[in-house]
Amino acid sequence: MAERTRPYGKIRSIARKETRELMREKTFILSVLIQLFIASFSTFLVIGLTSFYDPTIMGDIEMQGISIAVVGTGDNELYRLLRESKLNTRLYSDLTPAYGDFYEHKVDAIVIAPPGPPEGEEILNVDIYLPKSEIKATLISLQMKEPLEEFEQHVRDIRTQRLPGYSPIEVNINKRGIKTSSTYFEFIYVALLPLLVFTPAFISGGLVIDFITEEFERKTMELLLATPASMMDIVSGKVLVAVAIVPLQAFAWMMLMGANMIVIRNFFSILMVVTLIGAILVLISSMISISFRDRGVSQLLYSMILIFLFMASYLFTNSPLNLVTRLSIGSIGTAESTLWMGIYTLVALALGILTAATVKRKYDNN
Amino acid sequence: MSGWYTIAKWEFFRSKLKFDTRSTFLLAFSLALVIAASFAAVQTQMSMNQKIYTAASSEPTLRPILESDQRFSYMPLTIYEATQFYMYGADLVIIGNNVYLGDSAKSAAAGSALENTIKEYREAVLTSYDDINNSHPVWVTVHDIERPQNFQLLSSRNATGAMEAVQDTGNKDRGEDYPRGEITQEYLNRGSSFMLPEDISELDDYRGRAFFQKQTLSTPSFFSPPIPFTAILYAFLFIFPIYFVSQFYSTSIMDERTNKKGELVLAAPLLSRDVVIGKTLPYIIVTLLIQAVITVYITGFPADMRTAQSSLLILITIFPVVLLFFALSFFGAILSRSFKELTFTSVFLSVVISGYLFFPAMFANIHAISSISPITLIVRLIEGETVLMNTYLFSTLPFYFVALSAFAFGTYIYREEDLFTQKAVPEKITDCLEMFLSSSYGSVFLLSIIFIPFVYMTQLMLIVMLFNLPAPHSVVIMIILSAMAEELVKSAGIYTILKRKLQPANLKSALRLAALSGTGFFVGEKAVAFLTLAPIASSAFGAVMTMGTLLLVPLALHISTASVSSLVMYRFGTRRYLLSVILATLVHSIYNLFILRGVLLG
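Residue numbers (the numbering used here), protein chains in the order written: chain A, 290 to 655; chain B, 480 to 1081.
I should point out that these hints are in silico values taken from the structure, not numbers from a laboratory. Idealized CB from N, CA, C, for every residue including glycine. Some hints here could point you the wrong way.
[Said to hold, decoys possible] Among chain A residues calculated to face chain B with C-beta under 7 Å, some are: (1) K299; (2) Y388; (3) V415; (4) D416; (5) P420; (6) K421; (7) L437; (8) D446; (9) R448; (10) I458; (11) V460; (12) E475; (13) D499; (14) M630.
Just chain B, same shape as in the assembly (with noise of 0.2 Å):
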């Protein structure tokens, strides 16, 4: 048998027997606790917002309104006294039928929670009537249909800049598919079939089937726009047990490394390659085999071909989160010197993984941004949708490379002098370079392509975080800091040379591995370009980070910005680093900002 396997054997025993009888009771306990508190809170529809408004009335009729309503606290005042209910510390108080209000935000707060409150009262009181034909005489259905479209992030003339998507009216003569002649409801409704309902009982179907399904019919009442909680439920379900699973992981990484004990794995007659995998194999396929069982109990019991399909198609999409997860776990076990380093490192990778997985994903069905997380690949699996494989490409090939590398690079350092001893983590990284520049394929070239897809991520996490800026400023910071993530990896390389005296450090030198590194780069960014950036080619971000068509004058810029660095490097010395990163950072963004300009002031 081949040595990961031992490893992996070894790890998997060896993990079971941490947990004692005591430990295992005292979690089966607590997670019981758990379930319990859920529970009692679900049942007691509590929550956060208990007695946040007092509300004052001179009469009682609208108390048993008021007392359904957990947010407010209910104040019986004479109507002297209710005429100064500042002074009894009311946000609103009721004489006869008006509602008067304070000044304040939380008494505007108050009336607007009143009239909610009031509005549900009455839906109640109608619904106990069970007559839907005079209590619910009107309701609402709607239908999706599809339409040419050319999604656009942000127009040049929205300068609000909110997540719209303007519409390209150009391409009205490939309407292949318009339907010539009569339209009827039933051609547009074909596929969907809504009945009205017949009774008041229904009702409550429709409202309970909105939360985890898309809301077609409904009163309009209780109409609510697509809300996409569903994504976010899905993505915890999904994402929690990677937490935990990942969390182990990294703490037995780092157990190796805490009093040396890993020393005799690294003896024995291994490669690290093989410890690696030995040692990730056993979580991985815990991991998996959990996301399994939670995809059954989404979707149910695979009955036939097609949900068997589609059940493995969503641990498909899974499979890079999980990898990635666990690769930067590895990479961030490596680097840390202290469990509390580890522990802050994966909190901090968890925060960044879940915000790029949840964020977007929370507008599954709305906008087409939001396939760039798996997540949403996933709500669209379980709610029955196709996807397309360019759509899996381009969300999941990032997760995919990323991991890989960082994995690659994490093995690289999976040596000795690295894990026992306590070296800073700049001097970790270096050394990660180092391995990789110096073996048989390494140069600064080959260097820059790999980073592509981690400037990618980078990228695409800035997008969804600064979507929601007005759009001049977001894209201006937009286009500073993704210049900055490109001139870091494209002088990171030139670092470690100049810094471990890999190459001799000359003028020739310095410009030479400018131009591969900005080379490599352009290179690597064309190949993602062509492969997955199409669907958000045309918005204005996906703009920054392509920078149009044009071939050579890119190049030239990605040399001419890496040389800046670089120069700066060999005349001034590898302490200052952040300085010649900085001054070519400015010279990227302005010329960003000149070829942009178009898209910022027009």
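Pulled out of the complex, with its shape left as it was, chain A reads as follows (with noise of 0.2 Å):
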């Protein structure tokens, strides 16, 4: 970075006090524990949501003793297609004997199977009655979904044939017997990984802003002033400690998803893009509380530029939050991460230079 040309004494000597000050305090340790926090609840996350997304996480145990009442005739196409499902059914000629079962907990739903022939002009109705504010309604609706769905498919083969033109996509696909779903494995490496170690980062940049805002609030700039380090070494010894405990969490945390048996591909140069990450971030909130002095404006700020960064990821392919994503589980090529990590390297780079700039400007004239 810009300092490199410095002595590097004064920068050292001012890192090992933030850092013997950061374990002193106790407060990296509570980082750790907050971020073990945030992990236990993707834990619950991830077994809870996605259990919601796809019912076949929870296993075929859930629906024993969950049963359907289906009012229609036998020969029903729909209720052929429940039958088949994992669902247990009962059919019933009549509402009111079902009604009768449902309230005294024989049955949980009762689906009114549409009357009407397939060939026939008019919509279809599927009137489905539910248990109100019980678990059982979520499982069954999720259960219901796949018959549902091959039943509009069954009538939909009949009645697209009157629309001109219309030509059904025909793909068979090839399952090689490992069951997983997109919605659990993205949640895994498009949500929870990137999040994981990217909040070491998140948390760097506010850090720097309590470094430098506590020496202005308690009046020890002018002391560390005094001394022989100039405002640059000690910008510098800051930085350096807020952007070096980057790798060290995220490590750990990469580490700890393996044991869970999540595989991460490419490791390092995911350690790579953090730490710059982490240097782009600390740098801004660096140039911000030299700029404000005050903790509760320069922490705003950094917040907002915080969330319009994210925001901003959305908006491109290789986001800092993307290409780990893709570098984890190997969907991105060596040429192409390469020349992302050098792009995130130069900004890097820009905004040292920049904050070198901002520290001159407002030391070096008074």
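Using the hints, build the complex out of the two chains.
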């Protein structure tokens, strides 16, 4: 970075002082605790939310003891499809006994099969009655989706022939016995992994604001400046510590995920990306805190910029978050990933020079 | 005018001055950037999962479909190359109508993604025909109907332990509203009116609505079970501003402490209570105003009495949440020795409280346990449902109690020797307790009662975190951790007394204190159980918290486990505090495991 040409000694002693304080105040431990906390929620999310998307994760055990009442006739196509699914069905010819059994918890849902023929003209409506505010309602609606879609397909096979020029897409996907849904896979690699490895970078950005504004608010900056250390040394030391702890934490995260049988490819490239982004964020927030000196204002501004960057990363392929995803599952070539890491390095360098300029402008004139 | 008013006025004007023209401009600018970026992100429909699967194809027929989904990057190959698609780094290959997958999890995920993409593409093509009778011939209408129920979070038979509610069929005789006679669909559908769509454009209406409202009418392909995104969205809208304001609030408290700025305030003839109230009120008022604006934004301007009432109820429900956020930031700001520590404390507390608020709320439409979180109540109010008084108490009382006691304890040490010295955190907490215990009404008996809401919230939090683990394990962990929480608070007062030598340390007083503390906890626990725990009392987790209905046994238990820690501290000194708590937890857990053996093994 820009401070390479300056003597290292003073920077190192500032860095050592900051590290010592960080450890003494146990803030670093606290930060790891926070991240562990988020992680424990993440497992909750992984199991809880993906089971909503994909009932197969929950297994079929949950469906035992749940049965649904179908009101209709025995030759009804929907009844046949429901019977073939994992659900237990009971056929009723009339709604009244079905409701009685529903009320007494003998069945947990009522489906009114549409009597109309698939060849007909009018829309076929399936009325489903579910028990209000019971978890069973969710489970049943999850399990009913597939037979309902098959029923729709069955009717469509007949009716779409009336649409001019429509030819259905026939694709035969040959599966190879590995059961995973895209939702689950994408949740792990698109949401969880990037969020976990970048959390240390987000935290370091906030941390450096405290490092710097604290010196102003406690009026200790003057004392520090009275020593042979220049403003540049002080800022560099603080930046160095804040950036250095980023890969350490990210490394720990990836090891933990590895222990949970989540395979991560391009381990070191990911660490590299995370460190670069950490440097970018830390440099931005040191510039902010040198300019404003007030902790509240700086933190607010920093969080705004963080949200902006987060939103902006939706806009292009190989945004830091997407780059980590693609690296971790090996969906990016070496040339492309090197190019983007180069771009982020350039951004970090530019910000380093900008920070140096800000320090100069603020402290060489007065 | 009373002292707190002066402080409040002063605080209000001072915090306004912190923003000069430059920072206000930059803030407005960055806010505009955020809005622009979010808008662009929505417009371009981009997401984080761009180009994560590589699809190779020997023929271009499926190319437009693959390119409609940003997750795929498309790779044209010749038939010969396609048969060896691994070598080209593809996850799946399309030859003719056949799609072949590799043998990795990523390939399997790519296959499942392709299935969905094709489905979406098909729906888009069919919708373009604008002939609803032939393109979307089947519709699903979902109705929710009530039936008598009895919630049980985890049944002993359900060893897989997911969030299943098992109904008790034992209350058949209660069916006073059971409609005898003929049941018609009109009877069941009363109150709800779903009209089948007339043309294709209405399909989009129903889909668009699905995000904000519970989906009730849809085609099977678009039919999605109630994933309660709404709850998270609302929670975020309400909670986000609180983060920011509490950030400023804790900075302001901290400001008083750095450079001893606040010493003048303390030297003034003001009670520390007045200073705390004065410094807190402006922030609470500002936050409540923001919350009111958000409420109006979501529910629309209250037109009549009923909507005005529900908007007011939303504010009343959010109030304890705001209070808790501020109370904990206040306490955090008093305890932390530096801004760094404060940042971590406030982030940590925000994460904890948001977890507590968000995760139960995700199940807002589904599960009884969700009413732990006030956000669930807010979602219900927004959806036009009514919230019963006991539900309100159940979810907000812990917030009120914890917030008020955190403020009270913080105010105790709002004095020179704690604010302006670098005392360690445990020392400061001990200071709080000492101040309380040496005040005229203070005793370990009362202290145990005051701590009940803290334990209660911790235990609810544990339920939220653990109820997804497999059942026997989660209950065992729950037993150990909640026993630990209880033993920690019961022994905290005894620790303070012995450490600060408030009472002579002898065997008699050690036992007396243990008896007092244990009884206090017992009394408080029963009061809480009586007041609020009814909704989840019948679940296994509820059983862990209340331990059944036997009265004398738990009393004896609380006293004897408190004695364990008290005696260890008396015998080996207060430095062995942690050891004493661990021993007491051990005894407590063994007892609880013994009582709940039926649930665990049956």
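Hints not upheld, ascending by number: 1, 8 and 14
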